[in-house]
Amino acid sequence: MKYVLVTGGVVSGLGKGVTASSIGLLLKACGLRVTSIKIDPYLNTDAGTMSPVEHGEVFVLDDGGEVDLDLGNYERFLDIKLTRDNNITTGKIYQDVIDRERRGDYLGKTVQVVPHITDAIQEWIERVAQIPVDGKSGPADVCVIELGGTIGDIESMPFIEALGQFSYRVGSDNFCLIHVSLVPVLNVVGEQKTKPTQHSVRGLRCLGLTPHLIACRSTTALEENVKTKVSQFCHVQKENIITLYDVSNIWHIPLLLRDQKAHEAIFKVLNLQGLTREPELEEWTSRAEICDMLHEPVRIAMVGKYTRLSDAYLSVIKALVHSSVARGKKLFVDWVPAGDLEDATAKENPDAYKAAWKLLKGADGVLVPGGFGDRGVQGKILAAKYAREKRIPFLGICLGMQIAVIEFARSVLGLKDANSTEFDPNTKNPCVIFMPEGSTTHMGATMRLGSRRTYFQSTECKSAKLYGNKRFIDERHRHRYEVNPEMVARLENAGLSFTGKDETGQRMEIVELRNHPYFVGVQFHPEFKSRPGKPSALFIGLIEAACGQLDVFLQGSESKRNIPNGPANDMSQRHIPYGASNDMPQRNIPNGASNHMFQAACGQLESFFQGSETKRNVPNGAVKAYQNGAATKLANRPQDGAYSIFNGMHL
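Quick note on full-length UniProt numbering: the sequence shown kicks off at 1 and runs consecutively.
Source of the hints: derived by calculation from the structure; they are not laboratory data. Accuracy of the hints is not assured; some may be wrong.
In silico PhoX-like cross-links for lysine-lysine, where the CA-CA straight-line distance does not exceed 25 angstroms [stated by the list, open to error]:
1. 385 <-> 416
2. 428 <-> 416
3. 238 <-> 193
Pairwise CB distance ranges (calculated) [claimed, not checked]:
4. 107 <-> 437: 38 to 48 angstroms
5. 277 <-> 355: 49 to 59 angstroms
6. 374 <-> 349: 13 to 23 angstroms
7. 297 <-> 224: 15 to 25 angstroms
8. 351 <-> 495: 32 to 42 angstroms
C-beta: ideal position from N, C-alpha, C; glycine also.
Construct the complete structure from the given sequences, taking the supplied hints into account.
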């Protein structure tokens, strides 16, 4: 087993997760099997009880693990399925060691950080690295390990000591260290400054680890004299100084690494020079280029609670990106603070109230993501009502589905006090109730978590058609409240259809509104299984409906179109017809890109583009803002409303 460790210095938020994911993708493109481990030095056992405002979203795995959002990046980049053990935390390690001590495993010895904690870390890494994550038998060839935090943090010290010992144990031919550091530019002098990187590497070396490669984050490519300086003062060969500058979208990062021969440098360190295969990244390259060329907008209003931090809904954003690129649209997310839609805000802050409603009314589609707590709930209910009454495409996820049910009960059934027992335990009309198996005393790992099966109740509903008319699907869940089964009959008689249920038929999983262009709510989280070349079916439905093309997309032979997320849904076995007539004119794609390149970039979703070319236009000539590969000057300002995927995709 070969190990690649990614560390970070100077400041947090440099993009270690994207860098680690891109390195893994690069190695996979060279024919190696890759797995990933994320080390988080916090004392929490997992990310399940951490605030999205502080830590970003909680990513959920098939086995129910609530983990750091970087594991979502690993899964999306590498198309793998990780386990909860692939996320190591200080809490897990200490809990493991204390449990061993209580069992008497240490035979009366004094339990210390060194060697017991450090040994436990190394044993955990070696054990998890052997777990296959790509659907094949046997262990991977390379394990990419990301050490969270910044070099010098007190919390990281046991892990750094353990990794230093680990590098010695496995041997120099099996261990490669890549250090991600910052090379800032002072606006006053306009010079790339290397001193922060020098100090960061010096601190790393003092702790017993020496980097083999240095990945320098900067706004522009490193100048040659700067590379020479970093090489000289950090004792790293110049060809191993990699520059990761700001790009228009993160799909360019693996290409930057490839162009700078990062894979060859890693192979040299790991004694893999015999592996001469060049990275096969044609589809990835096409997708990155097509993403830059898109100009026709689609606007989705994200009505949520944590709208000032886009990482709180990272997987939702990624799923929207995957679907919009497949549809040939440039995505704009309008962040709508749910509380600003409420009547109370109209009195307290009329400007915020008007701005929120302006964004909602200007959107092509509305998405209400998951969440907890009663703050902003009334605003979400108003957003669902607006989408229902104005026939605006709507997708509600987890709490978003429950909100849609509550709104329908209030507005259509006339139950003005209909509510969830989460928000009003004494409501006389509980549309949403606490699940019987949930815990009222412990919050962590007590929800309904992980991959669960949903059975479609009809083949005529939009969700079933989007999933390729599968009998059932497997999607990931994270909730402790559910739609009240006793209310289902009344809701369905009034026109709300529960088109997906669990294996018992008592738990509602999918709800749809008949005679609406697209009004879908799901109890699960489809965003967690969306991939760049395999967009989530329900997000595809939202984008198609927002573009006014869902009916066109759904028509045709169901046997020839299949976009499932459930079992036996191997993309390699899917055949999705182009759907257009043979005499249809060839698409005009800029910069000389071929039609097959476009199809590859869209992950075989050619049927999205059936019909007249006047309904979908990819410009003849890339937008000038992206021609030089640099990021646009527009900033990611979710508090100000519009957020383009092309504005906020720096590392």
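Range agreement (Cβ of residue 495 with Cβ of residue 351, hint 32 to 42 angstroms): Taking Cβ atoms as reference, residue 351 and residue 495 lie about 37 angstroms apart, which means the hint holds.
Between residue 385 and residue 416, is the straight-line Cα distance small enough, at 25 angstroms or below? 14 angstroms, holds
Residue 355 and residue 277 - C-beta distance against the hinted 49 to 59 angstroms: Distance hint for residue 277, residue 355 holds at roughly 53 angstroms.
Holds or violated: residue 238 and residue 193, Cα atoms, limit 25 angstroms. Distance of about 17 angstroms is within 25 angstroms: holds.
State, for the Cβ atoms of residue 297 and residue 224, whether the hinted interval 15 to 25 angstroms holds or is violated. Since the Cβ atoms of residue 297 and residue 224 sit about 39 angstroms apart, the hinted range of 15 to 25 angstroms is violated.
Within 13 to 23 angstroms: is that where the Cβ-Cβ distance between residue 374 and residue 349 falls? Once the Cβ atoms are compared, 19 angstroms apart, the range 13 to 23 angstroms for residue 349 and residue 374 holds.
Quick one, are residue 428 and residue 416 close enough, alpha carbons at most 25 angstroms? 10 angstroms, holds
Between residue 107 and residue 437, does the beta-carbon spacing fit 38 to 48 angstroms? 39 angstroms, holds
Violation of the numbered hints given earlier is confined to hint 7; every other hint is satisfied by the structure.
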